[in-house]
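Whole structure, please, built from the sequences with the hints as guidance.
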Amino acid sequence: MHMADALLSPTVGVTLWAISATVLSSCARRVQQGDQDHLVPLMGVLGAFVFAAQMINFTIPGTGSSGHIGGGLLLSILVGPHAAFVIIASVLTVQALFFADGGLLALGANIFNLGLFPCFVGYLMVYRPLVGAAPLQVSSRRIGWATLLAAVIGLQLGALGVVLETSFSGISNLPTGTFLLLMQPIHVAIGIVEGLATAVVILFVRRARPELFLVDACSISMQRPSFRRSTKPLLLALFTTAALTASVLSWFASSQPDGLEWSVAHASEGVTQRQPASTLHAMMADAQQRFAWLADYKRPVALLPAISANAESVDATIQKDGPAVDGRGSLAGLLGAVATLLLVLGIGRALRGRRSKP
Amino acid sequence: MSGLGDALFALHSLDALASRPGVLNRMDPRAKILATLGFIVMVVSFDRYTFLALLPFALFPIALCAMGDVPLQLILRKVLTASPFALMIGIFNPLLDHTTQADLFGFGVSGGWVSFASILLRFSLTVSAALVLVATTGFYGVCGGLSQLGVPRVFTTQLMFLHRYAYVLAAEAARMSMARELRSSDGTGASLKTYGTLLGHLLLRSIDRAQRIHLAMVSRGFDGQVRRLHPAHWRHTDSVFLTVCTLGCLLGRGVDLPQFLGRFLLGLTA
Amino acid sequence: MTAPVVEAQALSFAYPDGHRALNGISFGIERGESVAVIGGNGAGKSTLLLHLIGFLRPTSGCVRVGGFTVGRDTLTQVRRMMGMVFQDPDDQLFMSTVWDDVAFGPLNMGLSTEEVNMRAREALEVVGASHLAARPPYRLSGGEKRAVAIAGVLAMAPSILIMDEPNDGLDPAARRRLIKLLRGFAHTQIIATHDLDLVLELCSRVLVMHDGLVEADGTPQEIFRDTALLGRCRLEPPLCWQSINPPMSQEA
Numbered sequence: 001m002h003m004a005d006a007l008l009s010p011t012v013g014v015t016l017w018a019i020s021a022t023v024l025s026s027c028a029r030r031v032q033q034g035d036q037d038h039l040v041p042l043m044g045v046l047g048a049f050v051f052a053a054q055m056i057n058f059t060i061p062g063t064g065s066s067g068h069i070g071g072g073l074l075l076s077i078l079v080g081p082h083a084a085f086v087i088i089a090s091v092l093t094v095q096a097l098f099f100a101d102g103g104l105l106a107l108g109a110n111i112f113n114l115g116l117f118p119c120f121v122g123y124l125m126v127y128r129p130l131v132g133a134a135p136l137q138v139s140s141r142r143i144g145w146a147t148l149l150a151a152v153i154g155l156q157l158g159a160l161g162v163v164l165e166t167s168f169s170g171i172s173n174l175p176t177g178t179f180l181l182l183m184q185p186i187h188v189a190i191g192i193v194e195g196l197a198t199a200v201v202i203l204f205v206r207r208a209r210p211e212l213f214l215v216d217a218c219s220i221s222m223q224r225p226s227f228r229r230s231t232k233p234l235l236l237a238l239f240t241t242a243a244l245t246a247s248v249l250s251w252f253a254s255s256q257p258d259g260l261e262w263s264v265a266h267a268s269e270g271v272t273q274r275q276p277a278s279t280l281h282a283m284m285a286d287a288q289q290r291f292a293w294l295a296d297y298k299r300p301v302a303l304l305p306a307i308s309a310n311a312e313s314v315d316a317t318i319q320k321d322g323p324a325v326d327g328r329g330s331l332a333g334l335l336g337a338v339a340t341l342l343l344v345l346g347i348g349r350a351l352r353g354r355r356s357k358p
Numbered sequence: 001m002s003g004l005g006d007a008l009f010a011l012h013s014l015d016a017l018a019s020r021p022g023v024l025n026r027m028d029p030r031a032k033i034l035a036t037l038g039f040i041v042m043v044v045s046f047d048r049y050t051f052l053a054l055l056p057f058a059l060f061p062i063a064l065c066a067m068g069d070v071p072l073q074l075i076l077r078k079v080l081t082a083s084p085f086a087l088m089i090g091i092f093n094p095l096l097d098h099t100t101q102a103d104l105f106g107f108g109v110s111g112g113w114v115s116f117a118s119i120l121l122r123f124s125l126t127v128s129a130a131l132v133l134v135a136t137t138g139f140y141g142v143c144g145g146l147s148q149l150g151v152p153r154v155f156t157t158q159l160m161f162l163h164r165y166a167y168v169l170a171a172e173a174a175r176m177s178m179a180r181e182l183r184s185s186d187g188t189g190a191s192l193k194t195y196g197t198l199l200g201h202l203l204l205r206s207i208d209r210a211q212r213i214h215l216a217m218v219s220r221g222f223d224g225q226v227r228r229l230h231p232a233h234w235r236h237t238d239s240v241f242l243t244v245c246t247l248g249c250l251l252g253r254g255v256d257l258p259q260f261l262g263r264f265l266l267g268l269t270a
Numbered sequence: 001m002t003a004p005v006v007e008a009q010a011l012s013f014a015y016p017d018g019h020r021a022l023n024g025i026s027f028g029i030e031r032g033e034s035v036a037v038i039g040g041n042g043a044g045k046s047t048l049l050l051h052l053i054g055f056l057r058p059t060s061g062c063v064r065v066g067g068f069t070v071g072r073d074t075l076t077q078v079r080r081m082m083g084m085v086f087q088d089p090d091d092q093l094f095m096s097t098v099w100d101d102v103a104f105g106p107l108n109m110g111l112s113t114e115e116v117n118m119r120a121r122e123a124l125e126v127v128g129a130s131h132l133a134a135r136p137p138y139r140l141s142g143g144e145k146r147a148v149a150i151a152g153v154l155a156m157a158p159s160i161l162i163m164d165e166p167n168d169g170l171d172p173a174a175r176r177r178l179i180k181l182l183r184g185f186a187h188t189q190i191i192a193t194h195d196l197d198l199v200l201e202l203c204s205r206v207l208v209m210h211d212g213l214v215e216a217d218g219t220p221q222e223i224f225r226d227t228a229l230l231g232r233c234r235l236e237p238p239l240c241w242q243s244i245n246p247p248m249s250q251e252a
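Protein chains in written order, with this note's numbering: chain A, 1 to 358; chain B, 1 to 270; chain C, 1 to 252.
It is possible that some hints are incorrect.
[Said to hold, decoys possible] Simulated coverage check for chain B against chain A, where a stretch passes if three residues somewhere in it have a Cβ under 8 Å from a Cβ of chain A:
id	stretch
1	75–83
2	119–133
3	192–200
[Unchecked claim] Here's a subset of chain C near chain B, in silico, CB distances under 7 Å, partners left out:
id	residue
4	94
5	107
6	108
No wet-lab data here; the hints were simulated from the structure.
Glycine included, every Cβ here is placed at the ideal spot set by N, Cα and C.
See below:
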């Protein structure tokens with residue numbers, strides 16, 4: 001599922017943009033260095049292929065409902081994770097610009113969730129080790145299982161990304177635990193769908209055009225990406241995953257209200273929080289110290305100094321009690337809202353009228 | 001496959017709007033891109049319980065639609081079609097948050113509803129800003145603006161080619177899908193195996209096409225770098241536009257305009 | 001006797017899977033000649049064209065263009081002299097607007113912006129597509145796409161034009177416009193086509209291919225009168241000749 005601008009805070013949005021942009025630059029540079037000019041049209045066409053393929057559905061066996069491919073894993077198998085990442089980022093950009101799938105600020109988060117995880121975790125860390133360097137010799141069964149596992153893991157992480165991004169942004173009231181319960185199981189199913197779809201296509205292509213799976217043929221560099229060569233984006237992905245996981249742990253240990261009582265109550269059964277000697281608690285407290293700033297709601301507003309006129313209302317999110325507004329205030333608000341809308345629409349009409357005048 | 005048809009239409013209808021003459025359409029894409037990004041960041045920087053203060057921000061997409069002669073209904077329709085996810089997540093807010101955040105003539109309005117409304121408004125504003133950007137700049141213009149702003153050439157070229165061939169491949173996919181449907185015994189969806197061969201064939205044909213495109217490029221002297229003509233030139237109007245948008249956003253962010261306006265009007269009547 | 005501008009000497013080619021597409025082809029084409037390459041599907045027409053422009057390397061024999069033997073180190077010079085119009089214009093119109101596509105070649109040649117603009121303008125004028133300059137390719141009709149593809153090639157000022165099935169997908173009006181356009185060119189033209197009526201109108205020479213060999217080489221009138229040859233090569237006389245002599249009457 002795509003992340004939306006409406007649920008993001010600037011901090012989270014910009015952070016993820018920074019990460020995605022860094023990885024994108026690094027992958028783009030790598031593709032360029034490969035000095036294979038046939039990749040220019042190939043990547044573009046593969047992007048168009050993914051775009052078109054996402055509109056074709058198949059019937060999920062046993063359920064009767066339909067599903068479609070995401071494409072990150074498939075592309076990684078064909079052209080390697082770096083080119084695949086660039087392609088997926090481009091598909092998501094087009095979807096954000098034309099179909100409002102997500103939004104421009106959330107694009108960074110979406111590229112992170114739906115590009116980084118399938119390409120660098122799903123493909124590189126799961127599929128490649130399982131299938132090995134000679135994919136033509138591997139049995140179909142093995143490829144099927146590897147694809148399935150890679151897809152499920154990649155999508156699980158992507159879904160986890162959405163949950164954490166929403167929670168850290170603080171716009172939605174949905175408690176992290178509930179959200180996780182909603183997202184993760186659904187994405188196991190979606191992951192299976194993705195794995196099945198990818199597997200059937202890969203197996204078909206392997207049968208019909210085995211030369212595409214030879215070392216030199218589609219891959220972006222003369223050498224197949226190996227653990228040693230593609231460490232930078234991989235490390236970045238690992239670090240980010242670790243940081244996010246640690247933040248989640250710290251959040252559970254923090255004293256923030258906001259529906260966490262529910263999750264904490266269920267998660268900490270058996271763990272007595274009042275034992276400072278407990279290693280787990282000390283670890284979590286330490287993590288909280290280091291990562292607490294991510295969970296601080298004040299941050300997004302404080303980042304825009306001198307214009308946080310609503311700063312005092314930010315405290316409301318933490319204190320659960322809103323500012324008291326009297327009757328006259330609410331009338332003013334209503335009147336102001338109507339007046340604002342009329343003004344805005346009037347200006348719009350005036351501008352349009354002025355345009356059409358010769 | 002009506003979804004496919006709609007998607008294809010969407011891909012090109014926004015572009016078609018951008019190719020028409022107009023002062024906004026002629027503006028440097030960089031100015032429009034920066035203004036849109038700034039607008040979106042401002043809108044999402046409000047805290048969750050803000051609703052009224054967000055209203056004046058609607059001026060940005062509405063004014064740009066007017067200046068670029070973009071039909072507002074088109075943008076609104078797209079916003080509606082894209083809303084399910086935000087709706088689905090946002091609806092939890094009224095269900096979970098029962099704190100009193102505002103007082104409407106003596107009735108307490110729960111924070112959940114305020115934040116839900118805020119989410120919907122943010123969603124509409126940010127999404128329409130992005131759509132208006134494409135409708136007034138064109139996808140090609142946006143790519144050019146992005147590459148002038150420093151986005152890697154590999155990526156902007158990728159976007160260009162994707163856009164160019166999305167329609168071609170989607171049309172091919174639609175034809176193959178229709179052919180399969182006409183020959184399926186009970187009109188049901190494709191089985192997994194059929195899907196695999198259908199998509200597999202489409203993939204192989206796409207790869208072949210990419211090879212032919214490469215031949216065509218190389219036969220006209222392509223050496224790896226896609227060169228472009230007419231990089232946009234930053235003009236005076238672009239600076240004015242960007243400044244006005246920035247100041248407007250800062251004003252809207254700093255002052256709760258509807259409250260201000262409302263009190264002013266009440267003050268007049270008192 | 002001037003040297004041929006395009007020459008094939010004992011050209012042979014086999015695909016990696018063993019299929020022998022060309023089996024020792026030799027011919028010479030003079031400057032300004034308009035030559036049609038005809039034959040059934042699988043005869044080797046497209047393979048031959050790809051050799052001329054240097055995309056495929058012969059298994060044996062060679063291709064010479066403008067005095068250069070086509071090889072890895074002469075590709076740039078060869079491709080400056082030759083312009084190829086592909087069968088599917090969508091493969092060739094890969095830029096976002098018509099103008100950018102026509103300017104693609106000159107830009108790659110390293111010409112100045114003014115020169116590039118001038119060439120693009122002139123090329124579009126020649127094919128009658130100046131009004132399409134700002135349009136994206138997906139909003140062009142088949143005939144318009146074909147015209148723009150030709151303009152893109154013309155902008156590089158080649159002396160030799162190679163066309164693979166230029167009539168493919170054109171309606172009769174667009175086809176007529178194409179014939180008129182090509183008739184006005186002074187370039188050396190090599191056209192691979194199934195449209196034998198076009199050959200009659202445009203070409204002074206016909207190469208008939210069959211099973212990777214040149215079965216016949218002569219004027220259109222000579223070739224099309226030889227019904228046995230045509231039959232052997234999976235061909236029929238031009239449609240405008242068939243009303244006089246319907247081939248169906250020859251079958252039992």
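Hint by hint, here is what the structure shows:
For the stretch 75–83 of chain B, the proposed coverage by chain A is satisfied: 4 residues have a C-beta within less than 8 Å of a C-beta in that chain, meeting the threshold of three. Counting residues of the stretch 119–133 of chain B whose CB lies closer than 8 Å to any CB of chain A gives 10, which reaches the minimum of 3, so the coverage claim holds. With a threshold of 8 Å between beta carbons, the proposed coverage of the stretch 192–200 of chain B by chain A holds, since 9 of its residues qualify and at least three are required. With its C-beta approaching chain B no nearer than about 5 Å, residue 94 (chain C) sits inside the 7 Å limit, and its interface hint holds.
For residue 107 (chain C), the shortest C-beta to C-beta distance to chain B is roughly 4 Å, which falls under 7 Å, so the interface hint holds. Satisfaction of the interface hint for residue 108 (chain C) is found here, the shortest Cβ-Cβ separation to chain B being roughly 3 Å, below the 7 Å cut-off.
Checked against the numbered hints listed earlier, the structure breaks none of them; every hint is satisfied.
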